[in-house]
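Asks: The primary structure of each chain is shown beneath.
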Amino acid sequence: MKKLLSKLPGPLLFALMAVAALGITPATAQEEEAGPVDEYLELVEASGAEYAPAFDFFTVSMLWTVIAAALVFLMHLGFATLEAGLTQSKNTVNILFKNVWIISIGLISYAVLGFNTHYPVDSWQITGWLGINGPIGDLNADGGDSWGYGGLSLAMTGYGDFIFQAMFAATAATIVSGAVAERIKLSSFMVYSTVLVAFGYTIAGSWHWGGGWLSNLGGGDAAFYDFAGSTVVHGFGGAAALAAVMILGPRKGKYTKDSIKPIVGHSMPLAAVGVFLLFFGWFGFNGGSVLSANPGPLGLVFTTTALAAAAGGISSILVSWAVLKKPDLSMALNGLLAGLVSITAGADSVSVFSSIIMGAIGGAIVVFSIIFFDKIKIDDPVGAISVHGVCGIWGTVAVAIFGGANLMSQIIGALGVYIFAFVFSLVLFLIIKAIMGVRVSEEEEFAGLDISEHGQEAYSAST
Amino acid sequence: MKKLLSKLPGPLLFALMAVAALGITPATAQEEEAGPVDEYLELVEASGAEYAPAFDFFTVSMLWTVIAAALVFLMHLGFATLEAGLTQSKNTVNILFKNVWIISIGLISYAVLGFNTHYPVDSWQITGWLGINGPIGDLNADGGDSWGYGGLSLAMTGYGDFIFQAMFAATAATIVSGAVAERIKLSSFMVYSTVLVAFGYTIAGSWHWGGGWLSNLGGGDAAFYDFAGSTVVHGFGGAAALAAVMILGPRKGKYTKDSIKPIVGHSMPLAAVGVFLLFFGWFGFNGGSVLSANPGPLGLVFTTTALAAAAGGISSILVSWAVLKKPDLSMALNGLLAGLVSITAGADSVSVFSSIIMGAIGGAIVVFSIIFFDKIKIDDPVGAISVHGVCGIWGTVAVAIFGGANLMSQIIGALGVYIFAFVFSLVLFLIIKAIMGVRVSEEEEFAGLDISEHGQEAYSAST
Amino acid sequence: MKKLLSKLPGPLLFALMAVAALGITPATAQEEEAGPVDEYLELVEASGAEYAPAFDFFTVSMLWTVIAAALVFLMHLGFATLEAGLTQSKNTVNILFKNVWIISIGLISYAVLGFNTHYPVDSWQITGWLGINGPIGDLNADGGDSWGYGGLSLAMTGYGDFIFQAMFAATAATIVSGAVAERIKLSSFMVYSTVLVAFGYTIAGSWHWGGGWLSNLGGGDAAFYDFAGSTVVHGFGGAAALAAVMILGPRKGKYTKDSIKPIVGHSMPLAAVGVFLLFFGWFGFNGGSVLSANPGPLGLVFTTTALAAAAGGISSILVSWAVLKKPDLSMALNGLLAGLVSITAGADSVSVFSSIIMGAIGGAIVVFSIIFFDKIKIDDPVGAISVHGVCGIWGTVAVAIFGGANLMSQIIGALGVYIFAFVFSLVLFLIIKAIMGVRVSEEEEFAGLDISEHGQEAYSAST
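Residue numbers (this note's numbering), protein chains in the order written: chain A, 6 to 468; chain B, 6 to 468; chain C, 6 to 468.
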């Protein structure tokens, strides 16, 4: 058909294009009150007549982007309730407070530092490795409210891009929050999480999304592949959590010479609410990472995401039943999450059958990983290191096995991010420890952080 | 205008169509980096120039389908929290665990068996009645990522269709889960729910959506009409639940010779969260059943759904207040759900005034139905049989009264599905009872399933 | 390009337009089974060929409108859980029951009275001030399912418009519900909230959205500006709440001569769930108020909304920490909400930097406001008057400071609505007090409304 077009005389061709765009603004419409449709048509016209029909695709893609951002936002409620549910009631206020802080500081710091570092407008300080940039300005300016922002390669406006990415930013800190729960000093965590999100995640993200070394790793068919962030988001958070927990040490009384004392969560309904909300929000996390409303990949990503989670849940139920000799709810819930993390790097590039296998393996891994870390006395109250860190590696490597990515690139890329996250978190945590301490006193831990840090209890009887 | 078109010379007409599609890919764009918009435009081109503008409708419809799927997914959290809230705290872990199992096995079994049976690609084993088929393959292949999948009669891709339907599949088992709560053996329920979803619902669904007898019932204006599943989903679940409860028997101590002992739910906030989430998810359940983003029906369905729920809530509040002499929260909550089930069969084909009447009648029915089943000693802790089974019949019949459907077809169709669900559930449950038993011991029931089955409590004090 | 068009001969121009619309229905398609796409194409054709491509924009905008309506619906769960969490467990059933009532009566009354008053089809009773109209009919009739409803100035159908606005309607009553919690008589509140929503909010809304005096205030660049309802929704609710609380009086024992007894909420997780759900739903509240899916404003509104909330949270944490000498979770949560209310009037018309400042100031205001009202013995258990009433004023005025609105118009408009809401609520409450009383007895208050009004407890131990 392109041939046919080339046979038309140039001016007529142009006129036809113009008609396709302008034919939609009839003379009569201009006499009516101006409304959103008029404004929209003006925008279409301003974008150039040749894009007219495609602009509707832009519009629906942008709508999906902001809805996906809202879904990812809800994951923060999922994290907050999951963490609260799996820990003791005497630390619940503290956990909720930390999560309000994390989402707030995550959004603001991403506006001030993160976004422009992930899309470097200025030069790198160290090419490919360090390129901190300043705050966002008016992202709707200079055509940022249409094609002018990303061209044909990005079906969203500047603000759409910002708000979707901003919701990811706080996730890394939230993952750490669960692992260090019940004994970390509040003020220290607030400083730690702020720096981690504002600088650590910002830098790691710039490697992948900002044109840094990770985005150039391998190259071509051998390029590092991480669709929605098994490595860059979940792995980063898991590795940072591991470093923090190693310095912080286990909760008092958790490990004795010969035994492990189970410290059970105070509300399984709260934990279940959290996991189902995370599952729900993951449709935005993975689905939004399609970066458009393109029907083919969108349907595939929703399907692989859901099936991997389901397979993770079943696998975790069966494996933990065999190992622990009982049907364990915490393991079932973590199995769903393990399946989700396992599919996140490859949700758009594996078959549904592969997604089930990937999720099922993730669901098995998480059971053994949680048991393993408990054995080596790494005290992670919610299993965050296993779910996000370990399954993050599995998910990244699995794209090589099931989705045609290059195994070496996947390993190098994952290792690079994990080592950076671990070292960044370690150094940061040690500095904070030296300056202000990182752990509450034994008495405070025994009393619970709610009373000792906040002077407030999460639950109270009627008076 | 069609006349005008016919006067244009054929080649020019074709050229114009081509321009409509291809005019949107300007020469300059090809020099930029390929992105989602390019890919999308290639897809549009591959679909044939004549569909160009309509393809945007396809895209937005598909987006709605996957968002609706996510909303229906969230209904499973609604069911989980509602069931947990309306039962005793000693059985909460058990209920949450069952719901993780149900959604997981529901999604996987729908990929393996259900979907291809609802859209039979192979032959029926018994024409119109039994046509079990195998697992889904690559639904994006052979044009399944665009028109190639359903033609002009379905504005979604193969995966969009799959994931939306898959979220419905587990619902039937969830409904039973609530009715048999607090005394069923976990392993038996896991087997039961798996078979019910993988075979029972699969078969019933194929009658309606797979071109089976139900879809041919009546025919023309007299065809059986069930828009989003008052009968096929909610009725199926309610009837299956009734059979299971009849075999299982009531909870110990619930009924004595002369009295009914109320066993109250342990957390009304949890129950309320569940009902509001179900209400929210129902916008996807009914709205997604429009099967496109067609503005006219979409707005109507949202409106009738919301107004029927509201009318159900008000009616249930007033009726139960008159009957029980107190403003009962459980009845108010069940009234919202009753309104929703009552509108599900006719949400797209009744007036808003009718939707209010239909919901209000549903809200009254549920009060008397719950009282009735309690009187005849059918012990249904959450009122699932009344809400889904009884209001499912009402909703199906109401389409004849208010929406112009044929009364006989509605009755025959509903009866057919209800009898099948009841008998399937009865036989399955009896087989499981004979082989592995269906009920926990009296001691286990007294101790609660959380301790006796899972060795874990839902709530625990801080240590 | 318009020039180019004018050079084409008229008939050809018309033919081209026709092709743009009709070229999408190929002959072969007519032989396939009719489906949603066919119906859609018929609708496009009926709308007139010249709107063909723009109709896709209409469709995606309408989809966003109904999704936004669902998000605003979920805010009612947010309000219910927030109110329940911040009050005592002995009044939880009562709070949940009230919220079921409010959403139900809000939706129904908006169908019967509100909608047609906000879009007056008949004459005003008092021009610009009072124009109560009757129930909605078939809003899809007479082209209400497409352009025929609002022309180019409204990218939604009649039902889309209705369901989105209907979800707003109940909000005012919900705000009052929190402020009067723990001592109001249930039946009195049910009457009060019904009249407030059906008449009070209906009238105030008609001033702004129904072409009343508020929409004509100032005029041109000096017009009153309230994007999504800082004044008309939140301010209205806050002012109504203040009047109700002043008549109702504080909870028994709250204030003694010399001291204020803190009556703490019974479940902070429930409160946190509420606030996060409100934040989530606010994307629909503000985002849906764009009234289309126009990419530019949509991205901006999501961004300013999220950043203002985040800034409110941080600001409230820091300010309350300084004032109260402890990191207070309730203040952190109310800070998020304060930021959201503060941005609601100007979300589409301020810069991101301004949105951060506006939210941060709101977060500080709410801390001092809550302390202030407690000092003057206005007992508001959830801080609703401060969050919605006081920050509603700030948000309205802030549009003048940061968004170029006219300061006098903003002040006059806000004052007008606040005074009306206050007086309406005052008079209504006094009438109800005279006829049926507004407050439970001291014994009932001590026992809790759950037992005294409902005969049911929110939580119960297993038996």
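No lab work stands behind these hints: they were computed from the structure. One thing to keep in mind: the hints can contain errors.
Since the list can't tell identical chains apart, any single copy or any two copies may satisfy a pair.
What the hints assert, rightly or not - DSSO-like mimics (lysine-lysine), calculated; alpha carbons at most 30 Å apart, straight line: (1) K259 - K382; (2) K257 - K380; (3) K438 - K331; (4) K380 - K266; (5) K438 - K266; (6) K259 - K331; (7) K438 - K330; (8) K262 - K380; (9) K262 - K438; (10) K382 - K331.
Asks: Now tell me, hint by hint, if it's right for this structure.
Replies: Consistency of the hints with the structure:
In the homo-oligomer, the alpha carbons of K259 and K382 lie at most 30 Å apart inside one protomer (9 Å), although the nearest pairing across protomers, at 47 Å, exceeds that limit. When the C-alpha separation of K257 and K380 is checked against a cutoff of 30 Å, the pair qualifies only within one copy, where the shortest distance is 16 Å, while the shortest distance between copies is 42 Å. With identical chains, the CA atoms of K438 and K331 are at most 30 Å apart between copies only, with a shortest distance of 21 Å across copies and 40 Å within one. Taking identical chains as interchangeable, the C-alpha atoms of K380 and K266 lie at most 30 Å apart only when both belong to the same chain, with a minimum of 11 Å there against 48 Å between chains.
For the identical chains of this complex, K438 and K266 are intra-copy neighbours only, at 27 Å inside a copy versus 38 Å across copies, given an alpha-carbon limit of 30 Å. Taking the shortest alpha-carbon separations for K259 and K331, both the intra-copy value of 22 Å and the inter-copy value of 29 Å come in at or below 30 Å. In the homo-oligomer, the alpha carbons of K438 and K330 lie at most 30 Å apart only across protomers (23 Å), although the nearest pairing inside one protomer, at 41 Å, exceeds that limit. Taking the shortest Cα distances, K262 and K380 sit within 30 Å of each other inside one copy (11 Å), while across copies they are farther apart (55 Å).
When the C-alpha separation of K262 and K438 is checked against a cutoff of 30 Å, the pair qualifies only within one copy, where the shortest distance is 26 Å, while the shortest distance between copies is 46 Å. When the C-alpha separation of K382 and K331 is checked against a cutoff of 30 Å, the pair qualifies only within one copy, where the shortest distance is 23 Å, while the shortest distance between copies is 33 Å.
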